[in-house]
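Enquirer: If you want the building blocks of each chain, they are given just below.
Number of protein chains: 2
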Amino acid sequence: MRENEVEGGFPSYVRLADALKLIFSELRRLPSERVGLVESLGRVSASEVVASADVPPFDRAAVDGYAVRARDTVGASELHPIRLRVVGSCVAGRKSRTRVRGGQAVEISTGAALPAGADAVVPVERCRREGDQVMVLEPVPSWRNVSKRGEDVERGERILRAGERITPADIGLLAACGYSEVEVSKRPAVSVIPTGSELEKPGKPLRGVKVYDSNSYSISAAILDSGGVPFLFERVGEEALAIQRAIRQGIVHDMVVLIGGSSVGKGDLVPSVVAEEGKLLFHGVAIRPGSPTSFGVVQGKPVFSLPGFPAGCLIAFDLLVRPAIHYMLGCEEVRVRMKARLGRRVPSALGRVDVVRVRMEKREDGWVAYPLRVAGSSILSSISRADGFILIPEEVEKIEEGTEVEVVLYR
Amino acid sequence: MRENEVEGGFPSYVRLADALKLIFSELRRLPSERVGLVESLGRVSASEVVASADVPPFDRAAVDGYAVRARDTVGASELHPIRLRVVGSCVAGRKSRTRVRGGQAVEISTGAALPAGADAVVPVERCRREGDQVMVLEPVPSWRNVSKRGEDVERGERILRAGERITPADIGLLAACGYSEVEVSKRPAVSVIPTGSELEKPGKPLRGVKVYDSNSYSISAAILDSGGVPFLFERVGEEALAIQRAIRQGIVHDMVVLIGGSSVGKGDLVPSVVAEEGKLLFHGVAIRPGSPTSFGVVQGKPVFSLPGFPAGCLIAFDLLVRPAIHYMLGCEEVRVRMKARLGRRVPSALGRVDVVRVRMEKREDGWVAYPLRVAGSSILSSISRADGFILIPEEVEKIEEGTEVEVVLYR
Chain A
1 MRENEVEGGF PSYVRLADAL KLIFSELRRL PSERVGLVES LGRVSASEVV ASADVPPFDR
61 AAVDGYAVRA RDTVGASELH PIRLRVVGSC VAGRKSRTRV RGGQAVEIST GAALPAGADA
121 VVPVERCRRE GDQVMVLEPV PSWRNVSKRG EDVERGERIL RAGERITPAD IGLLAACGYS
181 EVEVSKRPAV SVIPTGSELE KPGKPLRGVK VYDSNSYSIS AAILDSGGVP FLFERVGEEA
241 LAIQRAIRQG IVHDMVVLIG GSSVGKGDLV PSVVAEEGKL LFHGVAIRPG SPTSFGVVQG
301 KPVFSLPGFP AGCLIAFDLL VRPAIHYMLG CEEVRVRMKA RLGRRVPSAL GRVDVVRVRM
361 EKREDGWVAY PLRVAGSSIL SSISRADGFI LIPEEVEKIE EGTEVEVVLY R
Chain R
1 MRENEVEGGF PSYVRLADAL KLIFSELRRL PSERVGLVES LGRVSASEVV ASADVPPFDR
61 AAVDGYAVRA RDTVGASELH PIRLRVVGSC VAGRKSRTRV RGGQAVEIST GAALPAGADA
121 VVPVERCRRE GDQVMVLEPV PSWRNVSKRG EDVERGERIL RAGERITPAD IGLLAACGYS
181 EVEVSKRPAV SVIPTGSELE KPGKPLRGVK VYDSNSYSIS AAILDSGGVP FLFERVGEEA
241 LAIQRAIRQG IVHDMVVLIG GSSVGKGDLV PSVVAEEGKL LFHGVAIRPG SPTSFGVVQG
301 KPVFSLPGFP AGCLIAFDLL VRPAIHYMLG CEEVRVRMKA RLGRRVPSAL GRVDVVRVRM
361 EKREDGWVAY PLRVAGSSIL SSISRADGFI LIPEEVEKIE EGTEVEVVLY R
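First to last, the sequence lines map onto chains A and R. Numbering-wise (the working numbering), the first sequence opens with residue 1 and increments by one. Numbering-wise (the working numbering), the second sequence opens with residue 1 and increments by one.
Be careful, since some hints might not be right.
Stated by the list, open to error - Covered, in the sense of this in silico footprint (three residues per stretch, anywhere, with C-beta under 8 Å from a C-beta of chain A), are these stretches of chain R: (1) 86-93; (2) 103-113; (3) 132-142; (4) 174-185; (5) 212-220; (6) 328-340.
Since the hints were made in silico from the structure, they are not lab data. Glycine included, each C-beta is placed from N, C-alpha and C at the ideal position.
Throw the hints in and build the complete structure from the sequences for me.
Expert: Structure representation (structure tokens):
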């Protein structure tokens, strides 16, 4: 198959960047919700968080040993140890009123608050205990082996930016500041509506000239992967009334994604139903594959229609719907990009963005991105096999072998 | 605070590579389970999957138009269109018995099975309909605008490897082959047991010399992030009996991770309890931070003990527990690595692996990795601020500014 959707010329294609502008102009950030710390992993923080207290909250021993006045240890050595009197002990979690004065030491365990008067800790391995005395075998400078109050985070310091994907370390930092919950963006609920009477559900026997519906599942997974929550609707046939009804049901959620029925011809129903029910902002984007994509708004809710060809469907999702979900979440793209040399010359058409799936190979002198030899927007296996893709801009006619390109990695 | 845990010398440190070998020698792959397609996103496939049928299952129209015999269109042009008789129509999902003979055409919609006799589709935009006839304005070569049977995947072809993290495209491919479920590795259930009487739960008021427990939350999130399922236990004090009881309860799950109580000195209880309850394979790893980590096996279950200092805890998790979870899942490391130039000279100690957290900055001539200026394994904010880390091997004493390094990215 050729890249059919570009042959089926739409009246006018909107450029990718303009399509995104139109989409963003219609979207709103979703409200936020509070979730527990572990649950917040990978979610998008809705607001900046500052430390409500110093971390650690007091000067602490960083090792097991003896809390001392650093100046008392000057000149200590294995041969000439300095003798200090042990006047008490400090254990993590238990308060101590002991004060360290000249010539004194306090036995201390890791994590315990440094007793008043002390300004350093001699590790247990650098001491020799003798009854109620301790022989210090090595001098310690001030604040050595002490984890100082506010050393990790000072009160008022920002510990989380708005719009960040929350990581395990962020969660640790929030916990260390005493937060048990965090404000995150709600995950956009997305209605996924497959259209097409030829579709059969996977797991059922395939009769006649039916084909398995694959887009509903790949797109639902892609929604999940982008931070949304997919709601998979029953397949609807290609009749205006059925599509209208499905859209009206779908807009109970934050976004609607219809699949199929977006090409030119008889099946070109979805965009016209969207136009009737609300407003259609574009139909046809200058990308390949994935061009027969439309976007509109029905009762304030964004409604996308993606092409039915599997690879075009998933690539249009990545280029148009994924950024929309991120916009609603208030976060940036999270996919990793890396530089590589192009392994083979790629021709491209002027006036559209070509999405070229590539397989990465590591060579001695760096990474090489090999374009997968596929013709066709239906070739789903090409994405499954690809490590990522490169975008060839509208004004570029070809990229020569060996050129440095930026690869957007799939995983 | 200095990197205290390397001052508190263990009798002998095991090298990182050897620690991993010891861990892997005690682990077993977990059994698999079947899950639904969308649910399988990000899970690890437990076995190879091959296509049970061709995708697409028959030759299909890739555009709306007219199914024809390609040779009938030779010489067609706008000026000299070729006239064919329309003898029927084919719609996606509905069977047609029409046969295309010389001089005939069949109206066809995208996705419909190609009727017998036809070997190409003329797009609707390249035709002019006139009653029961169609004027073809352009020749089409054989198989143009046809999505051929097995074009995407041929029956028997591998569509999923064992040990792969399942992506949206994989899910699409599985669905296209009719699979509604997929066999994935069970996610290891991990008991997380915080130790230390100084710990208070986030959200509760902090009294006296208590500190908030942050490790339980960062490590639970890190377990989730690695593909495991964390089960957070109540904090236990630093008494042998309490730790013994907690370990016995913890081994109902696939793995136990104790936090704190792993340093040398009084609090050095966990490894000795593990040794009593089962066998201790190592205590102390030549890494910084994170060295006071121990590993053992109790009743066949792996038991880790991580240091209580937050950054050391999370880094030891990344270097030792994360690979263990991946091993049980049967998958490879998924973190992305990229090359960068080191932005500042980093000294390192011989004989241990130094883990240097870095912040990435993009310069005109490529990425630069700036080591974060932190001293101390307690500095959790350093991980939160870092984009990734570099590992400085045992035999390297320093890395000069400008040297190319490999950065393991956190996100």
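Enquirer: How about the stretch 212-220 of chain R: do at least three of its residues have a C-beta closer than 8 Å to a C-beta of chain A?
Expert: holds (count 9)
Enquirer: Please verify the coverage claim for the stretch 328-340 of chain R: does it have three or more residues whose C-beta sits within 8 Å of some C-beta in chain A?
Expert: holds (count 4)
Enquirer: Mind checking, does the stretch 103-113 of chain R have 3 or more residues with a CB under 8 Å from chain A?
Expert: Since 5 is at least three, the answer is holds.
Enquirer: Establish whether the coverage given for the stretch 86-93 of chain R by chain A is satisfied; the threshold is a Cβ-Cβ distance below 8 Å, and no fewer than three residues must meet it.
Expert: Contact hint for the stretch 86-93 of chain R vs chain A: holds, 3 residues under 8 Å.
Enquirer: Test coverage of the stretch 132-142 of chain R by chain A using CB-CB distances below 8 Å; three residues minimum.
Expert: violated (count 0)
Enquirer: Just to make sure I understand the rule, a stretch counts as covered if three or more of its residues have a C-beta closer than 8 Å to a C-beta of the chain. Does the stretch 174-185 of chain R meet that for chain A?
Expert: Our answer is that it holds, as 8 residues pass the Cβ test (under 8 Å) against chain A, meeting three.
Checked against the numbered hints given earlier, the structure breaks only hint 3 and satisfies all the rest.
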